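J.: Sequence:
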Amino acid sequence: MAKTPIIKADERKEFGKGPSRRLRVQRRLPGVLYGHNTENIHFHVDLLEMQALVRNNGTNAVLELEIDGQQHLAMVKHVDQNVLTFDIDHIDLLSIKRGEKVEVDVPVVTEGEVAPGAQLLQETDTLLLEADVLNIPEELTVNVEGLEPGAQITAADVTLPSGVTLVGEPEDLVVNVTFEEVAEVPEEGEEGEIAEDEDTPEDPSEVEATEESSETEEH
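For what it's worth, this note's numbering labels the leading residue of the sequence shown as 1, then goes sequentially.
Since the hints were derived computationally from the structure, they do not count as laboratory data.
Keep in mind the model is a prediction, meaning the values are calculated, not measured.
A portion of the hints provided could be inaccurate.
Said to hold, decoys possible - Subject to a maximum C-alpha distance of 30 Å in a straight line, what follows is the list of computed DSS-like cross-link-like pairs (lysine-lysine): (1) K17 with K101; (2) K97 with K77; (3) K13 with K97; (4) K8 with K101; (5) K8 with K77; (6) K97 with K8; (7) K77 with K101; (8) K13 with K77; (9) K77 with K3; (10) K17 with K77; (11) K3 with K101.
Whenever a hint applies, use it, and build me the whole structure from the sequences.
T.: Rendered as structure tokens:
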């Protein structure tokens, strides 16, 4: 089992948009730790360190948050991401205990290529699972190699790691394989009909003859 990463934090004493903005200028990330009938602990940590943890361990990352020399086992519960910079603006951590089971949404990814002429539709991006807090899978991989149109994979078909159980509905559709859509090419006859309906430039000689005829009639 991989060693649980430790991230040192400082407790926050000021709250609101102003103090939070000043922390972000200093590349510090504000957050809150809650759960297990304990009072919420507001903290701030190094932004790059926490972002690296989330990037490398997923949105359900587990860590030891060290505040004033005391360590708190916690799991990432929610992140607020800046839509312009893509930095994390705020993070929520859930206090957990070793041996405890939690319900988490785990990402689903596909591998392989479906059969020629088939199109892969992924109907869901996550599955709700129950797992030990120290044994949460980062993602679930579904093999779609060679699947033909009409093939389907449900939540019950997805292989789960040992000790992990499905909480969501087993019949929920994860992958659906259909026929590949082919763009319709207009037939030559159809193009010809369209061309006939369109206005065509007049022959310059015909225009000139018409103008001369009009002038003669006027005189």
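J.: When you check the alpha-carbon spacing of K13 and K97, does it fall within 30 Å?
T.: 26 Å, holds
J.: With a cut-off of 30 Å on the C-alpha distance, tell me whether K77 and K101 pass.
T.: 14 Å, holds
J.: Hint check: K17 vs K101, CA-CA at most 30 Å. Holds or violated?
T.: Measuring from Cα to Cα gives roughly 35 Å; hence the hint is violated.
J.: For the pair supplied as a hint, K3 and K101, confirm whether the alpha-carbon distance does not exceed 30 Å.
T.: 18 Å, holds
J.: K97 and K8 were given as a pair; does the straight-line alpha-carbon distance stay at or below 30 Å?
T.: 19 Å, holds
J.: Holds or violated: K8 with K101, Cα cutoff 30 Å?
T.: 25 Å, holds
J.: Do the alpha carbons of K8 and K77 lie within 30 Å of each other, as the hint requires?
T.: 18 Å, holds
J.: With a cut-off of 30 Å on the C-alpha distance, tell me whether K77 and K3 pass.
T.: The given pair, whose Cα atoms are some 20 Å apart, holds under the 30 Å limit.
J.: Sort out whether K77 lies within 30 Å of K13, counting only the CA atoms.
T.: Answer holds: K13 to K77 is near 22 Å, not above 30 Å.
J.: What's the verdict on K97 and K77, does the C-alpha distance respect the 30 Å limit or exceed it?
T.: It holds: about 15 Å lies between the C-alpha atoms, which stays within 30 Å.
J.: Is K17 close enough to K77, meaning Cα to Cα at most 30 Å?
T.: 21 Å, holds
In this structure, the one hint that does not hold is number 1.
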